[in-house]
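J.: The task is simple: from the sequences and hints, build the whole structure.
As you go down the protein sequences, you meet chains A and B in turn.
For the first sequence, the positions run 3 to 312 when this note's numbering is used.
For the second sequence, the positions run 3 to 312 when this note's numbering is used.
Incorrect hints may appear among the rest.
For identical chains, the list gives no copy identity; a pair is met inside one copy or between any two copies.
Subject to a maximum C-alpha distance of 25 Å in a straight line, what follows is the list of computed SDA-like cross-link-like pairs (lysine to any residue) [stated by the list, open to error]:
hint, residue 1, residue 2
1, Lys253, Ala88
2, Lys253, Ser72
3, Lys39, Pro287
4, Lys253, Glu86
5, Lys253, Asp124
6, Lys253, Gly143
7, Lys39, Ala254
These aren't lab readings, by the way, just hints derived from the structure by calculation.
Protein chains: 2
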Amino acid sequence: MIPARRAGVDVGGTKCLGVVLDEHDRVVAEAQVPTPKGADAVIDAVVEVVEQLGGHDTLGIGAPGLVTRSGVLRAAPNLVDVQEFAVAALVGARLGERVEVDNDATCAAVAEWRLGAARGLDDFVMVTLGTGVGGGVVAGGRLVRGANGFCGEIGHMVVDPDGPPCPCGGHGCWERYASGAGLGWLGRRAVADGRLARSVELAGGDVAAVRGEEVRTAALEGDTDALAVVDEFARWVALGLANITNLIDPKAFVLGGGLAASPELYLPPIRNWFGRLLYSPHLRPHPELRFAELGPRAGAVGAALLHDVH
Amino acid sequence: MIPARRAGVDVGGTKCLGVVLDEHDRVVAEAQVPTPKGADAVIDAVVEVVEQLGGHDTLGIGAPGLVTRSGVLRAAPNLVDVQEFAVAALVGARLGERVEVDNDATCAAVAEWRLGAARGLDDFVMVTLGTGVGGGVVAGGRLVRGANGFCGEIGHMVVDPDGPPCPCGGHGCWERYASGAGLGWLGRRAVADGRLARSVELAGGDVAAVRGEEVRTAALEGDTDALAVVDEFARWVALGLANITNLIDPKAFVLGGGLAASPELYLPPIRNWFGRLLYSPHLRPHPELRFAELGPRAGAVGAALLHDVH
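T.: Quick look at the structure:
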């Protein structure tokens with residue numbers, strides 16, 4: 003039986019967002035507080051959000067970074083002063099209940115699977131294209147968590163060992179190209195090459211201030227240089243999707259994160275490159291490319307569903 | 003209840019190898035015939051092997067290439083004049099029974115999972131390093147087949163879009179580097195660079211005849227140039243393993259195929275590079291690197307087990 007009030011909290015770099023789902027999967031409460039610095043303060047913030055949400059029967063939490071199967075956040079590049087953070091145990095002790103915790107992109111995958119773009123699918127991969135790239139995998143009708151719980155760290159798949167350095171210590175990680183940060187990097191590279199005047203203008207004339215946003219805006223205006231950078235970006239996105247297809251053969255990808263806000267701009271070139279980069283494209287149905295439906299609440303909604311799928 | 007006689011046939015590029023497993027998973031019969039050209043002849047060959055094996059209760063077949071979930075071999079680069087080959091239906095009609103068919107590397111994964119190096123594991127990836135690179139995936143205690151049955155085509159994961167062309171039409175596919183063919187290519191590149199004199203000597207002085215085998219032999223003799231090529235090869239193998247780890251977080255890899263015959267040569271440098279290329283290596287248990295235990299019969303043994311896992 004589905005509990006009447008399932009609460010989920012998405013701990014993000016800037017805010018902790020909470021929701022409550024009723025037994026019909028409707029969002030019946032929502033609350034948020036800024037994400038503070040330090041593990042103790044984050045626990046306080048999560049508890050505060052949960053209290054604002056009113057009563058709940060179950061609680062799940064999404065957190066950014068490597069989350070173990072027992073709910074320890076090993077590393078969180080986007081949280082300040084947080085590491086080896088036993089989220090499930092600490093929040094559970096404060097509230098006196100069992101708390102499920104998983105990676106935020108995995109939570110988004112669960113939300114899209116149960117209530118969004120991937121409803122009814124047994125095999126799909128969620129790809130969150132934001133500042134970085136995250137992922138979640140459903141295969142054979144089940145959420146894949148991995149031996150340690152680290153399934154879906156797809157942003158650090160190396161797609162060019164001679165590529166630009168990544169803060170993770172590697173070179174040429176997929177998210178150096180296929181994220182919002184990657185779009186900005188490709189843009190600044192084009193500027194250095196004497197292109198992309200409109201995007202530089204949008205950045206107030208400051209070459210170093212060109213980010214993904216200035217490329218996107220110029221491309222939406224029809225600027226040819228910016229559209230070429232978007233096409234290059236789309237090729238990198240598609241290359242990673244093709245690699246994932248080779249490994250686990252999903253029925254569909256669900257693309258989410260900040261870049262999912264402009265599917266009309268990104269989807270056609272991604273689909274074009276995906277068809278060209280797929281292995282044996284003439285011998286297989288091409289995995290569908292869908293855009294996420296649940297928007298910025300996907301992480302919190304998926305967290306609320308964690309008790310159902312773990 | 004486990005049937006008393008489970009038959010499996012591995013259809014390879016040069017031979018069709020069949021085995022029968024009894025209810026204790028012992029190989030109690032074995033037979034082989036050369037693989038002929040053309041789909042009809044291959045069916046005849048499989049039926050002949052099955053007849054040579056004596057009676058059986060169930061039959062599974064492993065085939066090289068893209069095998070659909072209903073047992074159609076879509077494309078088989080290593081079989082002559084074979085495409086869109088309905089193996090399960092055709093053999094099933096000839097023998098009057100239901101036949102399970104899967105990709106040969108997937109069969110090897112099943113064999114190692116049930117009877118070999120991956121016994122008891124819920125999350126591992128089989129990687130066959132032969133002329134090409136194949137794979138099979140077990141996640142959450144279940145064989146992952148993929149939406150179409152094409153899970154594990156890991157050899158065509160692109161690891162350098164500016165890399166050498168692949169017969170598949172892509173560039174820089176993993177198997178261009180991490181296979182027996184890749185080891186030979188890295189070797190010939192070293193020769194062109196003025197190195198690897200001993201391997202050229204082993205190839206009868208013919209630079210173009212240097213293959214993986216000549217690199218391996220020279221390296222086993224302690225030749226420094228050949229060991230450097232093996233190290234480069236190991237780095238490419240490890241890069242792909244790290245990418246797969248980021249996607250599905252296995253507990254272990256099982257390395258099989260022809261290259262698994264010399265683990266003492268390949269394992270130390272692969273392990274070294276794997277530890278360096280893994281994402282966040284200090285925050286996680288490193289997936290174990292194991293070598294396959296079942297040898298050249300792995301595909302046939304796994305085929306015999308297909309009815310148990312599909």
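J.: Indicate, hint by hint, whether the structure satisfies it.
T.: We went through each hint and held it up to the structure:
1. In this homomeric assembly, Lys253 and Ala88 come within 25 Å of each other (Cα to Cα) only across copies, at 22 Å, whereas the closest approach inside a single copy is 35 Å.
2. For the homomeric pair Lys253 and Ser72, the shortest alpha-carbon distance between copies (16 Å) is at most 25 Å, but the shortest distance inside one copy (30 Å) is not.
3. Taking identical chains as interchangeable, the C-alpha atoms of Lys39 and Pro287 are never at most 25 Å apart, the minima being 47 Å within one chain and 28 Å between chains.
4. In this assembly of identical chains, the alpha carbons of Lys253 and Glu86 lie at most 25 Å apart only when taken from different copies (21 Å versus 35 Å within one copy).
5. Taking identical chains as interchangeable, the C-alpha atoms of Lys253 and Asp124 lie at most 25 Å apart whether they share a chain (8 Å) or sit on different chains (23 Å).
6. In this assembly of identical chains, Lys253 and Gly143 lie within 25 Å of each other by CA distance both inside one copy and across copies; the values are 11 Å within and 21 Å between.
7. Taking the closest pair of Cα atoms, Lys39 and Ala254 never come within 25 Å of each other, the shortest separation being 37 Å inside a single copy and 36 Å across copies.
Violated hints for the displayed structure, listed by number in ascending order: 3, 7.
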